[in-house]
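J.: Taking the hints into account, I'd like the entire structure generated from these sequences.
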Amino acid sequence: MSTLIQFLKKLWILLWRRKFLNELDEEMAFHRAQAAQEFIAGGMTPQAARAAAMRQFGNATKLREQSHQAVAFRVETVVQDLRFSIRQMLRSPGFAVTAVTTLALGIAANVIVFGVLQALVLRPLDVPNAGKVVSLQRSRNDTNFSYLEFRDIRDGQSVFSAVAADRVMDFGLDAIGATHPIWGYEVSGEYFEVVSIKPLLGRLLARADDDHPGAAEVAVLSWGAWKNYFNSDPAIIGKTVRLNKLPYTVIGVTPQGFYGTEKFLQPDVFVPMSNEAEIEKFNWLDGRQNHNIWAIARLKEGINLPQAQADLNTVASRITKQLPKEEAGLTIRVVRPGLLGDTFGAPARAFLVGIMALAGIVLLAACANLGGLFAARTADRTRELAIRMAIGSSRYRILRQVLTEAFLLALLAGLAASALGWAALSGLAAWRPPTSLPIQFAVLPQPSLIVAAGLFSFVAAVLFGIMPLRQILNADPNDAIKSGVGQSGAGRRWALRDILLAAQIALCCITVTAAFVALRGLGRSLNMELGFQPANAVRAQFDLAQAGYSSESAASFQRRLLAAASQLPGVEAIGYANSTPLAIDQSSTAVFSPETTDMRLTNLAFGAPDYSASPGYLAAAGTPLVTGRDVSFADTAKSPPVAIVNQEFGRRLFHTDQVIGRYFKTLSGRPVQIVGVVADGKYETLNEDPKPAIFFPIAQEGNTTTALVVRTHADPIGVTSRDMAAAIRKTILDLDPAIPIQESSVWSSQLGLQLFPARVATVALSLFGAFGLLLSITGTFGLASYSVTKRLRELSIRVALGAQAKQILATALGRMLVLLSIGSTIGLILGAAASRLLSAVVYQASALDPIVLGAVALTMLLTGLVSIVNPVRRALHIDPAGVLREQ
Amino acid sequence: MANKPDLLPGTLDMLILKTLARAPLHGYGVALSIKRLSDDVLTVEEGSLYPALQRLLLQGWVKAEWKMTETKRRARFYTLTAAGRRQLGIELSQYEQMIAAIGRVLSDPKEA
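In order, the protein sequences belong to chains A and B. Using numbering that gives the first Met the number 0, you'd call the opening residue of the first sequence number 0 and step up by one each time. Using numbering that gives the first Met the number 0, you'd call the opening residue of the second sequence number 0 and step up by one each time.
A couple of the hints might just be wrong.
[Stated by the list, open to error] In the DSBU-like style, the derived pairs of lysine-lysine whose C-alpha atoms are separated by at most 35 Å in a straight line are:
{"#": "1", "chain 1": "A", "residue 1": "244", "chain 2": "A", "residue 2": "299"}
{"#": "2", "chain 1": "B", "residue 1": "17", "chain 2": "A", "residue 2": "320"}
{"#": "3", "chain 1": "A", "residue 1": "637", "chain 2": "A", "residue 2": "238"}
{"#": "4", "chain 1": "B", "residue 1": "66", "chain 2": "A", "residue 2": "299"}
{"#": "5", "chain 1": "A", "residue 1": "238", "chain 2": "B", "residue 2": "71"}
{"#": "6", "chain 1": "B", "residue 1": "34", "chain 2": "A", "residue 2": "61"}
{"#": "7", "chain 1": "A", "residue 1": "226", "chain 2": "B", "residue 2": "17"}
{"#": "8", "chain 1": "A", "residue 1": "805", "chain 2": "B", "residue 2": "66"}
{"#": "9", "chain 1": "B", "residue 1": "71", "chain 2": "A", "residue 2": "61"}
{"#": "10", "chain 1": "A", "residue 1": "131", "chain 2": "A", "residue 2": "18"}
{"#": "11", "chain 1": "A", "residue 1": "9", "chain 2": "B", "residue 2": "71"}
{"#": "12", "chain 1": "A", "residue 1": "226", "chain 2": "A", "residue 2": "238"}
{"#": "13", "chain 1": "B", "residue 1": "17", "chain 2": "A", "residue 2": "9"}
{"#": "14", "chain 1": "A", "residue 1": "18", "chain 2": "A", "residue 2": "8"}
{"#": "15", "chain 1": "A", "residue 1": "729", "chain 2": "B", "residue 2": "17"}
{"#": "16", "chain 1": "B", "residue 1": "66", "chain 2": "A", "residue 2": "9"}
{"#": "17", "chain 1": "A", "residue 1": "131", "chain 2": "A", "residue 2": "299"}
{"#": "18", "chain 1": "A", "residue 1": "8", "chain 2": "B", "residue 2": "62"}
{"#": "19", "chain 1": "A", "residue 1": "9", "chain 2": "B", "residue 2": "62"}
{"#": "20", "chain 1": "A", "residue 1": "226", "chain 2": "A", "residue 2": "244"}
{"#": "21", "chain 1": "A", "residue 1": "9", "chain 2": "B", "residue 2": "34"}
{"#": "22", "chain 1": "A", "residue 1": "8", "chain 2": "A", "residue 2": "324"}
{"#": "23", "chain 1": "A", "residue 1": "9", "chain 2": "A", "residue 2": "61"}
{"#": "24", "chain 1": "B", "residue 1": "66", "chain 2": "A", "residue 2": "61"}
{"#": "25", "chain 1": "A", "residue 1": "8", "chain 2": "B", "residue 2": "71"}
{"#": "26", "chain 1": "B", "residue 1": "17", "chain 2": "A", "residue 2": "18"}
{"#": "27", "chain 1": "A", "residue 1": "320", "chain 2": "A", "residue 2": "131"}
{"#": "28", "chain 1": "A", "residue 1": "131", "chain 2": "A", "residue 2": "197"}
{"#": "29", "chain 1": "B", "residue 1": "17", "chain 2": "A", "residue 2": "61"}
{"#": "30", "chain 1": "A", "residue 1": "320", "chain 2": "A", "residue 2": "197"}
{"#": "31", "chain 1": "A", "residue 1": "637", "chain 2": "A", "residue 2": "324"}
{"#": "32", "chain 1": "A", "residue 1": "8", "chain 2": "B", "residue 2": "34"}
{"#": "33", "chain 1": "A", "residue 1": "18", "chain 2": "B", "residue 2": "71"}
{"#": "34", "chain 1": "A", "residue 1": "197", "chain 2": "A", "residue 2": "238"}
{"#": "35", "chain 1": "A", "residue 1": "664", "chain 2": "A", "residue 2": "637"}
Quick caveat, the hints were computed from the structure, so don't treat them as lab data. This one's a predicted model, so the numbers in the text were calculated from it and none came from an experiment.
T.: Below, the structure is given as structure tokens:
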């Protein structure tokens with residue numbers, strides 16, 4: 000053991016050479032100073048004393064070198080070791096290639112996950128002094144404030160140099176002869192003070208631009224929009240662009256690499272928030288219940304997070320005191336910016352940390368695998384090692400050689416892993432998930448990735464390099480040379496490699512369990528009862544405000560579109576709504592019991608997702624109407640308010656299914672009569688618990704955002720739906736070519752975003768699981784073949800003496816089966832415990848599902864069989880005469 | 000300086016370990032202590048002292064720590080470890096055997 004410690008100490012000195020040499024210098028300077036003082040005490044002048052001390056001490060640099068050499072590696076021996084390692088690798092290229100590949104995959108997995116973790120979690124926003132930027136959030140699951148609340152916070156706080164509101168919106172941008180659906184930010188005037196970036200061209204939005212509605216009809220373009228839509232026009236400043244048909248003057252362009260303040264969105268334009276009503280055709284600036292904006296702020300110098308939180312607590316209680324009715328129970332939390340605060344950030348962080356742990360497990364398994372191979376190889380070299388020791392090599396020298404070989408392998412693997420990780424992250428950064436949102440992950444590889452790869456390689460090399468340690472230390476030259484081929488001990492005691500194999504199988508089993516849990520969760524989400532039928536339906540989405548419509552003109556356009564599209568051949572049912580369940584834009588209504596008279600939020604019964612639907616929408620969406628009637632175009636703003644609710648709504652508010660004709664109240668205090676009940680479904684996320692939901696008649700309150708749903712007849716191949724999607728697009732543009740259609744496609748494909756986290760989890764975990772399986776196959780196969788080879792002679796004798804096939808197998812491979820089952824059992828238990836981490840992203844993640852348990856057990860059994868079938872064949876077909884003659 | 004006898008080969012480590020067994024010292028203190036205790040007979044050259052200290056550190060027989068001296072200067076103090084104490088025992092007994100053997104060779108057989 001002490002040889003290893005010495006090796007590591009030397010390595011430490013090599014890595015921290017500068018510190019080491021500085022300390023030596025300081026020590027010697029101290030020595031000279033003390034000696035000089037001695038001379039002074041003896042009556043010399045200080046100058047003469049110093050000179051005498053220097054003389055006595057001699058050449059300081061040379062002394063330092065001598066001291067260093069006493070503990071440093073000698074260059075010649077390092078080169079020797081390297082040359083020997085390369086020869087060794089060339090002699091068995093199969094081993095070298097396997098080792099490098101295994102390790103490279105293990106390291107790459109870690110590097111990639113680390114890269115994503117770094118980009119999304121560890122690295123701050125890409126703005127100057129990013130540590131000072133924070134997001135504000137209402138509660139753990141609610142990021143949104145109303146504009147008035149934002150103003151109260153902005154004016155009431157004393158800890159931030161700037162507080163800004165921002166809202167991500169879709170716009171219609173006229174450029175290159177068409178209207179493009181793009182995404183951008185509506186921001187308050189303080190936004191660019193918070194991010195404090197410098198513009199690439201022109202200037203950024205300032206407080207004056209956002210002073211009041213219509214203060215300035217100006218826009219800032221992102222670098223990407225400037226490049227893609229305006230061909231990097233250097234004279235863009237001062238030109239007019241059309242946003243939602245409104246003329247806006249370009250005043251600036253943001254620099255490349257600035258993606259706003261959410262890490263997964265890439266906006267194209269920034270406009271003043273005060274102009275929101277003319278852009279969106281709906282004024283939400285004045286309502287306290289319109290929770291539409293996100294808040295982001297920059298801390299003043301010298302203010303820390305607890306101080307900021309304390310100040311915000313005061314602000315919140317002051318607001319509540321002033322407006323006890325509207326703002327009851329308001330809280331404001333300071334959270335990390337970049338991932339929608341904690342709403343998306345917390346589960347994303349938890350998941351990434353879990354995946355990182357899994358990647359670590361995979362690397363450990365790879366190390367155990369290689370360690371086993373190394374130990375086996377060293378066992379084969381027992382005789383060689385013995386001879387080398389007999390002719391004067393030290394154990395330390397031999398250990399160093401093995402470690403050099405390990406480091407060389409790890410270095411090659413690290414290089415391969417860096418290349419692989421770089422390619423994978425570049426690919427991921429360029430990839431866009433299948434949704435209309437401009438989601439793109441800023442995970443471009445950083446140079447620090449190579450440092451990480453180097454670190455992982457180093458740890459791995461030490462881990463598997465020290466596996467043969469015991470063998471080297473125990474190698475006894477006399478014994479080994481006397482007994483000839485290293486027969487001693489093989490298969491008698493439990494060797495280190497046996498434990499390594501069991502450990503490796505346990506680790507691999509964890510990854511396999513996680514993969515199956517994720518697969519099962521994804522399967523469940525795909526077969527879940529959604530409350531509507533996305534198959535055989537086409538959904539087209541657009542916002543008429545972007546083409547300059549008001550909500551009144553939008554209503555008549557929607558009616559004309561409905562009439563035109565109903566004439567298309569193949570339409571079975573058709574309808575529209577302002578939004579549909581599981582779409583990105585969800586709104587909700589505050590629901591009060593009919594007895595409530597004081598409409599304050601503390602008296603709220605619950606909040607329910609709401610939709611404004613046209614007649615026929617429910618049939619087109621495939622949402623079953625359980626009782627009552629559909630909405631009709633006769634349900635207008637002038638007729639008594641009515642609504643359709645789902646079954647959960649009735650249970651929650653009235654504790655009964657008989658709710659037709661009963662009333663509930665909204666925030667305005669107006670009673671709304673229930674005229675129909677539909678089946679429950681999923682509304683905001685797939686993971687949600689049953690939720691109450693409301694469908695209002697769209698004729699009651701117009702809306703420019705439009706989701707047209709068309710049901711076609713069943714068609715397993717989907718050709719009908721795709722043709723229908725194109726026909727719908729054409730119908731819309733025939734009516735008004737200026738409408739920027741965000742989406743017109745098969746509905747099921749649009750649910751991609753909802754399944755996105757589960758899909759990502761499943762893909763990532765399946766890759767880890769597959770890699771884990773591969774490792775356990777190679778590991779088991781390697782050890783099984785090895786033990787058969789090692790005991791060929793013994794087995795031959797047994798066969799010659801009449802042992803039966805069963806006995807031979809038990810002798811040769813019985814231990815393997817024990818190891819496999821112990822490893823699998825431990826792995827399964829650990830995997831079950833670990834899979835709780837998945838519950839944040841995977842629907843109903845649980846490893847205690849009999850199907851998952853069964854599948855894992857079966858997989859491990861099959862892998863075990865696959866990996867030992869060849870060694871078994873060899874053991875059974877031993878030709879004792881041949882083997883014994885040879886040896 | 001020129002006429003002072005060299006240290007017996009192989010005894011430097013033992014002398015350092017023995018010196019440190021009395022009390023933790025810095026490098027200069029070790030040299031001084033050996034010089035004083037030997038009444039100026041034994042001088043440890045700096046060129047051998049510091050490499051030797053590094054070797055002992057590497058073997059784990061001593062450990063080093065930066066501390067303040069009484070005169071408020073930073074210095075690296077060396078302390079004997081348990082392993083160092085064992086090693087000192089081994090070296091002392093080897094040394095005694097060696098001296099005894101040399102003594103037997105040098106003593107006049109007639110006197111015995």
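J.: Next, verify each hint and record whether it holds.
T.: Each hint tested on the structure:
no., hint, result
1, A/244 - A/299, "40 Å, violated"
2, B/17 - A/320, "78 Å, violated"
3, A/637 - A/238, "45 Å, violated"
4, B/66 - A/299, "41 Å, violated"
5, A/238 - B/71, "72 Å, violated"
6, B/34 - A/61, "23 Å, holds"
7, A/226 - B/17, "77 Å, violated"
8, A/805 - B/66, "70 Å, violated"
9, B/71 - A/61, "28 Å, holds"
10, A/131 - A/18, "34 Å, holds"
11, A/9 - B/71, "31 Å, holds"
12, A/226 - A/238, "15 Å, holds"
13, B/17 - A/9, "25 Å, holds"
14, A/18 - A/8, "14 Å, holds"
15, A/729 - B/17, "97 Å, violated"
16, B/66 - A/9, "24 Å, holds"
17, A/131 - A/299, "8 Å, holds"
18, A/8 - B/62, "13 Å, holds"
19, A/9 - B/62, "15 Å, holds"
20, A/226 - A/244, "21 Å, holds"
21, A/9 - B/34, "31 Å, holds"
22, A/8 - A/324, "69 Å, violated"
23, A/9 - A/61, "20 Å, holds"
24, B/66 - A/61, "26 Å, holds"
25, A/8 - B/71, "30 Å, holds"
26, B/17 - A/18, "29 Å, holds"
27, A/320 - A/131, "29 Å, holds"
28, A/131 - A/197, "17 Å, holds"
29, B/17 - A/61, "27 Å, holds"
30, A/320 - A/197, "40 Å, violated"
31, A/637 - A/324, "29 Å, holds"
32, A/8 - B/34, "31 Å, holds"
33, A/18 - B/71, "22 Å, holds"
34, A/197 - A/238, "20 Å, holds"
35, A/664 - A/637, "17 Å, holds"
The structure is inconsistent with the numbered hints 1, 2, 3, 4, 5, 7, 8, 15, 22, 30, although it conforms to all the rest.
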